[in-house]
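*Asks:* Chains as they are written, first to last, in numbering that gives the first Met the number 0: chain A, 0 to 297; chain B, 0 to 265.
Hints in this document: simulated from the structure, not taken from any laboratory.
Quick caveat, the model's predicted, so the values are computed rather than measured.
Glycine included, each C-beta is placed from N, C-alpha and C at the ideal position.
Mixed in with the good hints there might be a few duds.
[What the hints assert, rightly or not] Chain A side only, calculated, beta carbon under 10 Å to chain B, not exhaustive: (1) 102; (2) 158; (3) 171; (4) 178; (5) 227.
Listed here are the chains, written in short residue letters.
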Amino acid sequence: MSAISDLAAYLTDPWASEFMLRSLLALVMVSVVCAVMGSFVVVKGMAFIGDALAHASFGGVAAAFVLGGNIYLGAAVAAILTSLGIVFVSRRSGLRFDTAIGVLFVGAFALGILIVSRQEGYIVDLFSFVFGNVLGVGQSDLVLIAVVGATVLVLVAVFYKELLFTAYDPAMAAAAGLPVAAMQYGLLALIALTIVISLKAVGIVLVVAMLVTPAATAQLLVQRLHLIMAVGAGIGILSSVVGLYLSYRADVAASAAVVLTATVIFLMTFLLSPRRGILGLRRPSILTKAEEGYGGPR
Amino acid sequence: MARVDAGQQDTEDGGLRPAIEVSDLWAGYNGQAALEGVTLAIEEGCLAGLVGPNGSGKSTLLRVILGLHRPWRGEVRLFGQKVDRARRLLGYMPQVELVDWAFPVSVFDVVMMGRYGRLGLLRSPIRRDREAVWRCLEQVGMTDLARRQIGELSAGQQRRVLFARTMAQEPRILLLDEPFTGLDATAQHDLLNLFNDVRAAGKTLLVATHDLSCVATAFDHAACLNRKIIAFGEPRTIFTEQVLNATFQTHLLLVNVEGKTYVSYQ
Chain A
0 MSAISDLAAY LTDPWASEFM LRSLLALVMV SVVCAVMGSF VVVKGMAFIG DALAHASFGG
60 VAAAFVLGGN IYLGAAVAAI LTSLGIVFVS RRSGLRFDTA IGVLFVGAFA LGILIVSRQE
120 GYIVDLFSFV FGNVLGVGQS DLVLIAVVGA TVLVLVAVFY KELLFTAYDP AMAAAAGLPV
180 AAMQYGLLAL IALTIVISLK AVGIVLVVAM LVTPAATAQL LVQRLHLIMA VGAGIGILSS
240 VVGLYLSYRA DVAASAAVVL TATVIFLMTF LLSPRRGILG LRRPSILTKA EEGYGGPR
Chain B
0 MARVDAGQQD TEDGGLRPAI EVSDLWAGYN GQAALEGVTL AIEEGCLAGL VGPNGSGKST
60 LLRVILGLHR PWRGEVRLFG QKVDRARRLL GYMPQVELVD WAFPVSVFDV VMMGRYGRLG
120 LLRSPIRRDR EAVWRCLEQV GMTDLARRQI GELSAGQQRR VLFARTMAQE PRILLLDEPF
180 TGLDATAQHD LLNLFNDVRA AGKTLLVATH DLSCVATAFD HAACLNRKII AFGEPRTIFT
240 EQVLNATFQT HLLLVNVEGK TYVSYQ
């Protein structure tokens, strides 16, 4: 009896403190929004731009830090300006999209380093945005994550049909009269906002993992975009709870523990997934009557 | 079926305007002309082929008709209306290479996208839309596979899904870009049957293709395009060695064996 209650206490102890609960709440909200936007990132092969926007936001974080402005606002402005710049440069110059990304995001990141290098003394606060400091998340951070995160989710729900169609087949969407350019810019802006609210909780360096890993894991399991979002969100929440708990017990950085938990879940799914896992059984391809004689499966 | 010649635009006989009317169209990319003064009129209820080699402007012409590419000069009218007002009349089937088959959507989802243009912003599909999707899936014989992810289909099935999506737009005019590419003879035949059904229902089809034999045997009209319209009319009449050589230039080999001309497209 006492062994059971000991175990229960061992599992629940970490959650007794208010700052742990605050951290968990922040991570859970961030991982849900990241999984939803990350589904677009994964299916459209946008991981590089996700990483780029996170790094570019550092320029804004540093500028806001030095000028004493709002750090989130600085990050958002830098990320959104960089994403607009990437689309603009690649369209006008004829350079490849990933080339434009490579040029602009490193530029914005370098600007951040330049600004910080002029600062003397105490810049630890700044590094909480680079590597994440979820235990330092305060009440105002939580409110911001909740409000911006909810806004992102509501916009995705309202424009889901348009975002799906534009992501899947932009030419056909344009022919059907949908505002394709607005949707593509809008998608980048929503990804930028998602990164901004993740900065404090997971940090610039690791945020791309929160965008990509849960959604990628989900894509191994389910085959429709909205299901990838839902399953990805579940995996993100699970990673947050387990990772934060492990970081408390092992006294390691929370953001790294959460990301590594998600990575382990991905690898396990990759190995065991019934659909595409390398150890799972592949579904045998059985041709039905209706399928015969149409060129064979591809 | 009345013969329609390139350039003929008169409606003096009091008849209806042609389904597709292209007049003196110039268009291109980065200063490089892809279409040079294209004039074309296609009657309602016609299955018309648009043939020409790669880079002859077939896709550009379709994109201009769809309103996806702004021409330098000239205009397109659909039943006498400008394109931006008549977008609802059009259904479009893109080249299969341009479709992302790994995308996580089901067959049903893809066909439903054909309804999105009609629905407009912020409106969700209603029962009528779902019924229309099922009807289109039934028409192409794909109801059993409606829940499949699109990448799990065979080439012929993928083509039929794209055609079902085009039909879900409830178009009067269908523009199809290289629908036969990569299909075996059976799948090609099935697709052609679908085209004939749709034409029998009074719709107009303009099909960009370089499958000359298919156009020659099954289409009402053909337009030979190589930046300019080289010839327009019944395939039987216009598919002469002279016209085809002018259209395909070095891309085409005409072989004369025992009084019959065999065409090989490179």
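*Asks:* Hints first: check each against the structure and report whether it holds.
*Replies:* Here is what the structure says about each hint:
For residue 102 of chain A, the interface hint is violated, since its Cβ never comes within 10 Å of a Cβ in chain B; the closest pair sits about 22 Å apart. Interface hint at residue 158 of chain A: satisfied, since its Cβ lies 8 Å from the closest Cβ of chain B, which is below the 10 Å cut-off. For residue 171 of chain A, the interface hint holds, since its Cβ comes within 10 Å of a Cβ in chain B; the closest pair sits about 6 Å apart. This hint holds: residue 178 of chain A has a C-beta 8 Å from the nearest C-beta of chain B, less than the 10 Å allowed.
A least Cβ separation of about 6 Å between residue 227 of chain A and chain B falls short of the 10 Å threshold, and the interface hint therefore holds.
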